[in-house]
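Trainee: Chain by chain, the residues:
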Amino acid sequence: MQQALQKTNDLLKEVREFLDTSRTYLDEILKEVTAAEKENGTRQAELDNEIEKIADDVDSSLLDLAEDL
Amino acid sequence: MPKEIHHNIKPEAVKPETTPKSPSETAFSPENKQRADRLGSSAKELIMGVFRSASEKIQDSRIGAKITAWFSGKITQGVEQKINALSAQKSTFEGKSAEHSAAPGKIEQEYADLEKLAKERGIPLDPNLAGKLNQEKKAHQQQVEKYQSQVKQIDEQLGSLSEKRNKYQEKRETAVGKICQKWEGKIAGNNAEKAAKEGALEKINSKLEEFNQNKGRLTDNIAELENMLSGISSKALQKEVQKAIKTQEQELKRLEKEERSFQKEKEGLEKSMDRLDRKNKKLERHIEKYKPKKAAGEAEPQMTRAGERAPVIRRAEEMTLQDVLASVQASREKRREQREGEIRKIAQAIYDARIVGKDNYSEAGITVPTSWDYVDNVLLKKENLTPGSPEATEFMKKWDWEQAEKIYEAKMKQEEQGLEEDYEERTEAGLRRRLGEQMKNKERFGYFVDQWNSYLSGKNRDLELRNVPYGELDQDFAPEEALEKIKNLLIKEKPQEQRRINVQAEIVRYLFQ
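Residue numbers (our numbering), protein chains in the order written: chain U, 1 to 69; chain E, 70 to 582.
Just so you know, the hints here were simulated from the structure itself, not pulled from any lab data.
Check the hints yourself; a few may be wrong.
[As the list claims (entries may be wrong)] Below are the DSS-like pairs computed for lysine-lysine, each with C-alpha atoms no more than 25 Å apart in a straight line:
| no. | chain 1 | residue 1 | chain 2 | residue 2 |
| --- | --- | --- | --- | --- |
| 1 | E | Lys427 | E | Lys467 |
| 2 | E | Lys312 | U | Lys13 |
| 3 | U | Lys53 | E | Lys233 |
| 4 | E | Lys201 | E | Lys165 |
| 5 | E | Lys315 | U | Lys7 |
| 6 | E | Lys340 | U | Lys38 |
| 7 | E | Lys272 | U | Lys38 |
| 8 | U | Lys53 | E | Lys312 |
| 9 | U | Lys13 | E | Lys315 |
| 10 | E | Lys358 | U | Lys53 |
| 11 | E | Lys322 | U | Lys13 |
| 12 | E | Lys308 | U | Lys7 |
| 13 | E | Lys206 | E | Lys165 |
| 14 | E | Lys251 | U | Lys38 |
| 15 | E | Lys272 | U | Lys13 |
| 16 | E | Lys427 | E | Lys414 |
| 17 | E | Lys251 | U | Lys53 |
| 18 | E | Lys240 | U | Lys53 |
| 19 | E | Lys340 | U | Lys31 |
| 20 | E | Lys312 | U | Lys7 |
[As the list claims (entries may be wrong)] Cβ-Cβ distance ranges computed for the label pairs, FRET-style:
| no. | chain 1 | residue 1 | chain 2 | residue 2 | range |
| --- | --- | --- | --- | --- | --- |
| 21 | U | Thr42 | E | Lys340 | 48 to 56 Å |
| 22 | U | Asn49 | E | Gln158 | 43 to 51 Å |
| 23 | U | Asp59 | E | Tyr443 | 57 to 65 Å |
| 24 | U | Glu14 | E | Arg354 | 46 to 54 Å |
| 25 | E | Lys221 | U | Asp59 | 29 to 37 Å |
| 26 | E | Glu471 | U | Asp59 | 46 to 54 Å |
| 27 | U | Glu14 | E | Ser302 | 47 to 55 Å |
| 28 | U | Thr42 | E | Gln158 | 54 to 62 Å |
Nothing here was measured: the structure is a model prediction, and the numbers come from that model.
Even glycine gets a Cβ: it sits at the ideal position worked out from N, Cα and C.
Here chain E stands alone, though its shape is the one from the complex (with noise of 0.2 Å):
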């Protein structure tokens, strides 16, 4: 069926009267009734789960890969380019300007040295030749202000340029200092809430414990009645006493069964704690990763009010391409030092390795031999050379940094990969694995999440997912829009599934019920 026709599928018509059924399909059948309650809240929990979590991931993901987008500097890079070509032509504009000024007084020199020549020799010069030499001087002074008025032009271009430059650097950290500042928003609203959580359940917990101890009161009550029973004789009294017996037998499973109600209260709100703490470490990665960083020297951020921290933003204006360069050069050489640095450390720790004659040395997934007897019979015999010796510590010496100049950049490779794996991570196809992952043992929603993935990986999720009402999930969940929603952009994406989603949505439906 072509995709054309799926996109114009309008809600009335996927819903169920309009959708030839068997009975078992039918909305709100018995059976599915049944499979809703076999599923019980704990699929309720789970799919707002699937939603919360596809949206904050989503969310968080999106911005992440646009901050980098930012910073990636492409479009910055186009502008260096151009304020670095235009700087070129500039100074190519200004050096034949000089030229041509300094031409005139060049041809006066030349001239009265000319005249000079003619006159002590009594050689008549032409008469036409100071009108000539006028006019070339002319032509001199209109190229001079030809070179000027473009070099003007370019002075106005590379001021709005750098302008431009300047104003988006400083747009773009300011976002996202301003954006890393709602980041620790929502990690006090999270603490707000796992706070509030805390208390409940410390009063969860307070009333478990009285639930014990009245257990504990009813079983000791019991025990000590059926110890009178064995010695009363009256059989209308034994009966009475069964009775009460019985009867605290029966609130004994009471107090059980409501016990329990407030033990799966204490695992939710413990296992939503544990949600909220691992939200606010991811907020707090994508803080730490985000952050502008400040610059050396400079002071401190600046409390502006009572918890929230002024960005530390650099004076973009005050940069000039100077500036930008002996930062790259300072970057630059910052990382070699720090290249040599590391290094320097695996050298030693290998020469620390020979020189006490262990087998060998590992870091980084390579094995460097350091016996005394590879290094003696292998390493110095090939190269002829006699243990000891001033030229066999010479060569060691550089064959350590060799050796850890190899480990090094197979640390740097691993360092790269796991880079990778992180931004992977990060990703759709990361977000997709790890929703099914999550979902794996879950199977009874195993198709429920299949179409969630395959609707996660449509070309307009972002849009079309922020319209999805879950915002609203946590508590005034709107399940009719939103399965309705949902429903029909995964009809979009499958159409052959849309009486078995319309099945699912119904048992969704009911649970929220």
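Pulled out of the complex, with its shape left as it was, chain U reads as follows (with noise of 0.2 Å):
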């Protein structure tokens, strides 16, 4: 029985150990994807600014056309 009882402790050391490790373990996962949703944000705004650019660029000329007409 004292060998159980010493297994059992054994077990409970090493689920606490891997319960106290997870919560980081977690946090460190999502701290990447955190960053790589932050970058490909950033990135998708960046590239939705460029498309705005390009877009009005070709509406002034479409309205200098129009003038001209």
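Take the two lone chains, each set in its own frame, and fit them into one complex as the hints suggest.
Mentor: Right, dumping it as structure tokens:
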């Protein structure tokens, strides 16, 4: 029985260590995800701005042309 | 209340301290906090989702609508009409110039003939006649100069208009090519984010496996101790073992709780990856739809840099009016051929059904009877034709074609309707409807969604939406600023809802704290 209790204690110790590290591990994973999301978010916003600029540029050409008609 | 007054509402005017409230509506009241807590992180995700989805859809639909407008050709059509009118005028002036150029020669010839005749018959000619004729010739020469000058002016105008048209055509095609490249960039960005999430998902899955293993080990150990318990007679030892079981059960609960956190993040990642896939599919559809198409026989677009394709741009300078007309003609011819090809296929299918005596042939909601009984006893009988005769065969061939034409027209109509529906999907009305549908089941946010939808219907929504910092929503979401702006925009449209919006805004603000 003593052996069984010792085994239990070892198991508990192991599980507690696992639990203690799992939270940090999850935070680390989420940090990476957050960084990837942030990087892509910035990229998407930049690309949207560039698209807007291109579109505005053509719009102004169109207006110039319309005025010349 | 007149609308002008609503637009003058300053942000300060809607802040809680200047707005009388009932206790339940006070900013950060316990009740609001409770409500916010009940809504939890799913509310945060949902609200951010609404912002992101709305902004992306508006951006894409606006750019799509712009590209469609650029290619609708109304402006260039106007230029073409003007070019055509000027060309016709030029041709008239050239004709007149040629007439006047030829006139002096004719006059000289007539005068020579007259002089010869007068000499033969001994009739004296008017001594002033030669002078008068010279004046006439001079007048013709002046006309020639006048028309040639007008032709020159028209040439200059034509040159300028063609240049403008070509520049515009080139510019818009270049722009669409560039926009498509940016869309491709967006796809690549989403793929990079997805790859990072896939990596995270893999790690989470592996950790979830470890959770399972640990849970299994604890459960097995608990079972083992429980078995041992029945064989222990000492109360003290029994108590010791029971204590060990209880501790393990507590750890098991902790494991399960922590596992749920991993599970929740896993679900979030999977949803987010699905969203990225949907976004990419939408962008791919945009690229497919708008990317300048490769002209027949033209080489594949060359790769400029890794992963970047040079847009295929037809050299507009080389295009003449004849080129444009030839292209229109070719396109009409192609459409006619396509139409006939499609009809031929359907006519063949009807023939195949008829020849084996099938009851009918159905397509595009139209059912054509094809049984032998119908053909022989109704169709041919009506025409007084003998089944199997060459006349009957010829008649049936025409009949097959006519039925096929009807089916083809019905198919085209259905496709047009589909296109209209697709267009409707891309309009603001479509966006509002979809947002409405998306949120239908989220009744607790119903009010917020209504307000958001009514905001989307606002006249200056595009401009004002750009001022909302949703670009930062993903991570560094600035709720104060965003909420203040959104709230003010909403209030402009529905001033009577001011207090309710405030409560809603407080909940959102609390959630983002």
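Trainee: Assess, step by step, whether the Cα of lysine 251 (chain E) is no farther than 25 Å from the Cα of lysine 53 (chain U), and give holds or violated.
Mentor: Holds: lysine 251 (chain E) and lysine 53 (chain U) sit about 12 Å apart, inside 25 Å.
Trainee: CA of lysine 13 (chain U) to CA of lysine 315 (chain E), is that 25 Å or under?
Mentor: Distance of about 15 Å is within 25 Å: holds.
Trainee: Lysine 312 (chain E) and lysine 13 (chain U): Cα distance at most 25 Å?
Mentor: holds, 15 Å
Trainee: For the pair supplied as a hint, lysine 251 (chain E) and lysine 38 (chain U), confirm whether the alpha-carbon distance does not exceed 25 Å.
Mentor: Measuring from Cα to Cα gives roughly 18 Å; hence the hint holds.
Trainee: Taking the CB of glutamate 14 (chain U) and the CB of arginine 354 (chain E), does the distance hold inside 46 to 54 Å?
Mentor: For arginine 354 (chain E) against glutamate 14 (chain U), whose Cβ atoms are near 52 Å apart, the range 46 to 54 Å holds.
Trainee: Holds or violated: lysine 340 (chain E) and lysine 31 (chain U), Cα atoms, limit 25 Å.
Mentor: holds, 18 Å
Trainee: What's the verdict on lysine 315 (chain E) and lysine 7 (chain U), does the C-alpha distance respect the 25 Å limit or exceed it?
Mentor: holds, 15 Å
Trainee: Are lysine 427 (chain E) and lysine 414 (chain E) close enough, with their CA atoms no more than 25 Å apart?
Mentor: holds, 17 Å
Trainee: Run the distance test for lysine 427 (chain E) versus lysine 467 (chain E): straight-line Cα separation, threshold 25 Å.
Mentor: holds, 19 Å
Trainee: Within 57 to 65 Å or not, the Cβ separation of aspartate 59 (chain U) and tyrosine 443 (chain E)?
Mentor: Taking Cβ atoms as reference, aspartate 59 (chain U) and tyrosine 443 (chain E) lie about 59 Å apart, which means the hint holds.
Trainee: Would the hint linking lysine 53 (chain U) and lysine 233 (chain E) be met if the CA-CA limit is 25 Å?
Mentor: holds, 21 Å
Trainee: Please check whether glutamate 471 (chain E) and aspartate 59 (chain U) have a Cβ separation lying inside 46 to 54 Å.
Mentor: For glutamate 471 (chain E) and aspartate 59 (chain U) the Cβ distance comes to about 48 Å; the hint holds.
Taken one by one, the earlier hints fail for this structure at numbers 8, 21 and 27, listed in ascending order.
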